[in-house]
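K.L.:
Line order of the protein sequences matches chains W and C. Residue 84 in UniProt numbering sits at position 84 of the first sequence; the count goes up by one each step and never skips. Residue 259 in UniProt numbering sits at position 259 of the second sequence; the count goes up by one each step and never skips.
Check before you lean on any hint, since a few could be wrong.
Stated by the list, open to error - Covered stretches of chain W (chain C as the covering partner; in silico rule of three or more C-beta atoms under 8 Å from a C-beta of chain C):
#: 1; segment: 44 to 55
#: 2; segment: 72 to 80
#: 3; segment: 85 to 94
Said to hold, decoys possible - Cross-link-like lysine to aspartate or glutamate pairs, in silico, EDC-like; alpha carbons within 20 Å at most:
#: 4; chain 1: C; residue 1: K405; chain 2: C; residue 2: D289
#: 5; chain 1: W; residue 1: K57; chain 2: C; residue 2: D566
#: 6; chain 1: C; residue 1: K591; chain 2: W; residue 2: E58
#: 7; chain 1: C; residue 1: K524; chain 2: W; residue 2: E58
#: 8; chain 1: W; residue 1: K57; chain 2: C; residue 2: D586
#: 9; chain 1: W; residue 1: K72; chain 2: W; residue 2: E24
#: 10; chain 1: W; residue 1: K89; chain 2: W; residue 2: E24
#: 11; chain 1: W; residue 1: K72; chain 2: C; residue 2: D486
#: 12; chain 1: W; residue 1: K73; chain 2: C; residue 2: D595
#: 13; chain 1: W; residue 1: K73; chain 2: C; residue 2: D586
#: 14; chain 1: W; residue 1: K73; chain 2: C; residue 2: E589
#: 15; chain 1: W; residue 1: K72; chain 2: C; residue 2: E394
#: 16; chain 1: C; residue 1: K461; chain 2: C; residue 2: D595
#: 17; chain 1: W; residue 1: K82; chain 2: W; residue 2: D65
#: 18; chain 1: W; residue 1: K57; chain 2: C; residue 2: E597
#: 19; chain 1: W; residue 1: K79; chain 2: C; residue 2: E589
#: 20; chain 1: C; residue 1: K401; chain 2: W; residue 2: E24
#: 21; chain 1: W; residue 1: K72; chain 2: C; residue 2: E393
#: 22; chain 1: C; residue 1: K524; chain 2: W; residue 2: D44
#: 23; chain 1: W; residue 1: K38; chain 2: W; residue 2: E59
#: 24; chain 1: W; residue 1: K45; chain 2: C; residue 2: E394
#: 25; chain 1: W; residue 1: K73; chain 2: C; residue 2: E393
Unchecked claim - Residues from chain W that face chain C, not an exhaustive set, calculated with beta carbons under 10 Å:
#: 26; residue: K19
#: 27; residue: Y68
#: 28; residue: A69
#: 29; residue: E98
The hints are simulated quantities; they were obtained by calculation from the structure and are not laboratory data. Beta carbons are placed, not taken as given, at the ideal position from N, Cα and C, and that holds for glycine.
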Amino acid sequence: MKLKKLMARVSDFLDADSKTQLEEIKSIRKVLKELKSKERDLKDKIAQVPAKNTEDKEELQIKLDVIYAQRKKGLDRVKELKKLLQEKKRIKLQRASEL
Amino acid sequence: MLKKFTLPVVLLVLAYALWASADFMEIAAGVALFMFGMLCLEEGFKTFTGGTLETLLRKSTNRLWKSLSFGMVSTTLMQSSTLVSLITISFVSAEMITLAAGIGVIMGANIGTTTGAWLIAGLGLRVNIAAYAMPMLVFGVVFLMQKSKAMKGLGYLLMGAGFLFFGIHYMKEGFDAFQSAFDLSAYSMTGMQGVLLFTLIGMLVTVVMQSSHATLLIIITALATGQVSYENALALAIGANLGSAITTALGGLAANLGGRRLAAAHVVFNVITALVGILLINQLAWAVDQGAFLLGIGDEDYLLKLALFHTLFNVLGVILLAPFVNPLASQLVKRISYQKQAAETPLYLFPEALETPETAVDAVRKEVHHLFDNAYGLLAHGVSLKRATIDSEESLSEAVKYTRKIFPIDVENAYEEKIKSLHSEIVAFIAEAQARESNQSASEALYTLRQASRDLVEAVKGMKHLHNNLSRYGLSTNPAIRERYDLIRLQLARLLRDLRLLLDADPEDVSSLSLDALRVSLEKSSRKLLDDLDEMIRHRRLAASIATSVMNDESYVSDICNNLIDAVHTLLLPRLENQSDQLTLDKQEIKQLVDEEARDNGAES
């Protein structure tokens with residue numbers, strides 16, 4: 001299933017033009033930046049919650065963990081996109097040299 | 001009773017008139033063809049607008065001059081103020097543009113529609129346009145028979161123009177022949193009496209024909225053949241304007257609040273313009289003479305002078321009323337206000353909203369939001385908390401802890417009254433919208449909104465089961481049982497508060513990612529509740545029979561929460577036009593995250 005999903009993504013990526021792909025990277029980066037600032041806010045909030053208020057602290061911690069997971073997913077996706085973009089560039093150059 | 005007999009009487013009188021006078025038949029056929037042509041043109045433009053007109057309307061109405069220009073240009077191009085008014089009413093009804101912007105568009109359309117008089121007076125009666133009409137009809141039918149939507153649209157446009165031309169031709173012929181038999185000009189009246197009488201006639205003719213364009217055609221043709229005097233023709237033109245406002249008012253009565261306000265604005269605008277026109281008719285006639293001289297229109301060219309009068313008179317209305325658009329809008333908002341309706345009555349599903357796919361989607365989205373509000377109140381009462389408590393910043397755990405009684409609500413009855421009927425209305429409206437012209441994105445949006453409505457229904461259905469056990473065990477004297485049910489109530493109350501905050505938040509601060517934390521929190525607390533329950537059964541602190549009830553109720557609350565999150569996700573979709581959806585955690589990732597946390601907590605303990 002995972003391989004299928006990956007293959008579908010790769011084929012989508014190869015079909016799309018480089019401009020769209022760069023735009024995708026750019027917009028994910030924008031979201032990542034927003035998530036980073038949310039992460040900072042949450043950390044500040046957690047630090048301000050009194051130690052005995054475990055319930056609130058736990059709720060905030062969940063939000064923080066989710067943001068970590070989302071950021072990780074986003075960073076992985078950017079890495080993957082960049083790698084594919086480089087690969088595409090390499091194939092193009094190779095074709096050009098063959099001609 | 002009167003309505004029942006009006007149509008047959010009108011038909012009989014019309015049949016007699018057609019039988020008695022061949023000339024009248026020719027004139028009536030001309031009007032019929034002209035009106036049919038307008039219908040065809042409208043249909044053709046509807047095919048082509050497919051989003052363009054709507055996008056333009058949304059983007060170009062943020063300033064008064066822009067709304068005025070939009071109304072003017074679009075009506076000039078399409079020669080149909082009805083189409084522009086209908087779309088504007090649908091946009092104001094769906095709250096996609098403001099009332100003030102809508103008034104601006106209607107004012108602009110009033111000026112735009114005067115170009116019709118120029119076309120009829122300038123071209124229609126000078127050139128043998130019937131000669132152009134025939135090839136248009138032939139090509140129009142050929143295009144109409146094509147499969148492509150664009151071709152069909154073009155076919156409608158050509159046929160529309162063809163029938164319009166034919167209508168003008170027949171009217172002209174009819175009046176020419178009529179003149180030799182009768183001389184209506186003998187009935188012409190001068191002075192204020194004449195102005196008032198002919199304004200009334202113009203208004204009545206427009207109300208009967210439902211088109212000021214058609215009335216103007218009759219006035220211009222009658223004027224060209226000398227059947228009415230120039231002075232009376234001016235009054236008839238004022239009457240045509242008044243009549244079109246009455247037509248819009250009748251249409252607006254069936255619309256929702258926004259539509260009614262806009263229709264009222266149209267009436268106010270046209271009545272004031274007509275009053276000014278009647279009072280200043282001599283001054284306007286003088287201004288027309290001066291304007292005609294400047295434009296090089298001959299002294300005896302009454303047709304073009306009438307067209308000029310029509311334009312000047314509408315421009316004067318706009319100049320007089322444009323500075324008062326915002327005060328007029330706020331007065332209308334104050335006077336035509338919302339009457340408290342039953343919770344099950346749809347607030348946004350009106351026939352006007354079906355005009356375009358965009359407005360239909362927007363109306364359904366707002367109605368699903370309304371359904372969410374109903375479900376929200378019902379679910380809050382279901383867990384025996386006041387809506388105000390959840391909306392406030394009060395501690396929910398304390399509110400739950402200190403609950404003294406379980407609200408004795410009849411969830412089944414409330415479901416039937418507030419949820420099911422509204423859900424049925426939403427489903428019926430979506431079916432109606434899908435039967436009309438639509439595009440792929442609108443169809444998809446309607447599909448997801450129907451699912452969201454269903455999710456809300458499912459959530460309330462879950463409460464029906466949950467409430468039974470809450471009534472039995474919710475305030476149990478056994479602290480262990482009470483504690484379990486308090487947790488269940490708290491879980492739902494917290495989610496309701498979080499969802500409300502998300503829906504009310506600034507669009508900038510909301511992303512689909514915010515819902516992930518709610519899903520994780522839900523999964524985690526449901527897992528904790530079950531773990532605790534296992535332990536209690538093991539230590540015999542809870543009878544297995546009650547424990548299974550708690551487990552069932554936990555499952556109900558979990559389903560309710562998931563349904564609510566899914567519905568809110570759909571409601572938030574228009575605000576999520578970025579890539580953040582890609583980073584949303586799927587079920588697997590959420591489970592993984594909860595597992596990791598459980599492992600961490602286990603290691604810590």
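K.L.:
If a hint holds in the structure, say so; if it does not, say that too.
P.N.:
Now the hints, each set against the structure:
Note: the segment 44 to 55 of chain W has 1 residues with beta-carbon separation from chain C under 8 Å; the three-residue rule is not met and the coverage is violated. Counting residues of the segment 72 to 80 of chain W whose C-beta lies closer than 8 Å to any C-beta of chain C gives 3; at least three are required, and the coverage claim holds. With 0 residues carrying a beta carbon less than 8 Å from a beta carbon of chain C, the segment 85 to 94 of chain W misses the three-residue requirement, and the given coverage is violated. For the hint linking K405(C) to D289(C), the alpha-carbon distance of about 82 Å lies beyond 20 Å, and the restraint is violated.
Using a Cα cut-off of 20 Å, the hinted pair K57(W) and D566(C) is violated, with the two alpha carbons roughly 26 Å apart. Our distance criterion of 20 Å between C-alpha atoms is met by K591(C) and E58(W), whose separation comes to about 17 Å. Between the alpha carbons of K524(C) and E58(W) the distance comes to roughly 11 Å, so the proposed pair stays at or under 20 Å and holds. Distance hint between K57(W) and D586(C) is unfulfilled; the C-alpha atoms sit about 25 Å from each other, more than 20 Å.
Taking the CA atoms of K72(W) and E24(W), the gap is near 16 Å; set against the 20 Å cutoff, the hint holds. Of the supplied pair hints, the one linking K89(W) and E24(W) holds, its CA atoms being roughly 17 Å apart against a limit of 20 Å. Of the pairs offered as hints, the one joining K72(W) and D486(C) is violated, with about 36 Å between alpha carbons and a cut-off of 20 Å exceeded. As the CA atoms of K73(W) and D595(C) are separated by approximately 17 Å, the hinted pair is consistent with the 20 Å bound.
Simply put, K73(W) and D586(C) have alpha-carbon atoms about 11 Å apart, close enough for the 20 Å limit, and the pair holds. Between K73(W) and E589(C) the CA atoms are separated by roughly 10 Å; this keeps the pair inside 20 Å, and the hint holds. Between K72(W) and E394(C) the CA atoms are separated by roughly 35 Å; this puts the pair beyond 20 Å, and the hint is violated. For the suggested pair K461(C) and D595(C), the alpha carbons sit about 30 Å apart, so the restraint of at most 20 Å is broken.
Among the hinted pairs, K82(W) with D65(W) is inconsistent with the structure: their alpha-carbon atoms are about 26 Å apart, more than 20 Å. Between K57(W) and E597(C) the alpha-carbon distance is near 14 Å, which keeps this suggested pair within the 20 Å criterion. Our distance criterion of 20 Å between C-alpha atoms is met by K79(W) and E589(C), whose separation comes to about 19 Å. For the hint linking K401(C) to E24(W), the alpha-carbon distance of about 48 Å lies beyond 20 Å, and the restraint is violated.
For the suggested pair K72(W) and E393(C), the alpha carbons sit about 33 Å apart, so the restraint of at most 20 Å is broken. Distance hint between K524(C) and D44(W) is unfulfilled; the C-alpha atoms sit about 23 Å from each other, more than 20 Å. A hinted pair counts as satisfied when its Cα atoms are at most 20 Å apart, and K38(W) with E59(W) qualifies at roughly 15 Å. In summary, the hint linking K45(W) to E394(C) is supported, as the alpha carbons are separated by about 19 Å, within the 20 Å threshold.
The suggested pairing of K73(W) with E393(C) is violated, with an alpha-carbon distance near 33 Å, which exceeds 20 Å. Look at K19(W): its Cβ only gets to about 15 Å from chain C, farther than 10 Å, so that hint breaks. The beta carbon of Y68(W) is positioned within 10 Å of a beta carbon in chain C (closest approach about 9 Å), and the interface hint is therefore held. Proximity of A69(W) to chain C holds as hinted, the smallest CB-CB distance being about 5 Å (cut-off 10 Å).
Because the smallest distance between the Cβ of E98(W) and any Cβ of chain C comes to about 35 Å, over 10 Å, the interface hint for this residue is violated.
Checked against the numbered hints listed earlier, the structure breaks hints 1, 3, 4, 5, 8, 11, 15, 16, 17, 20, 21, 22, 25, 26, 29; every other hint is satisfied.
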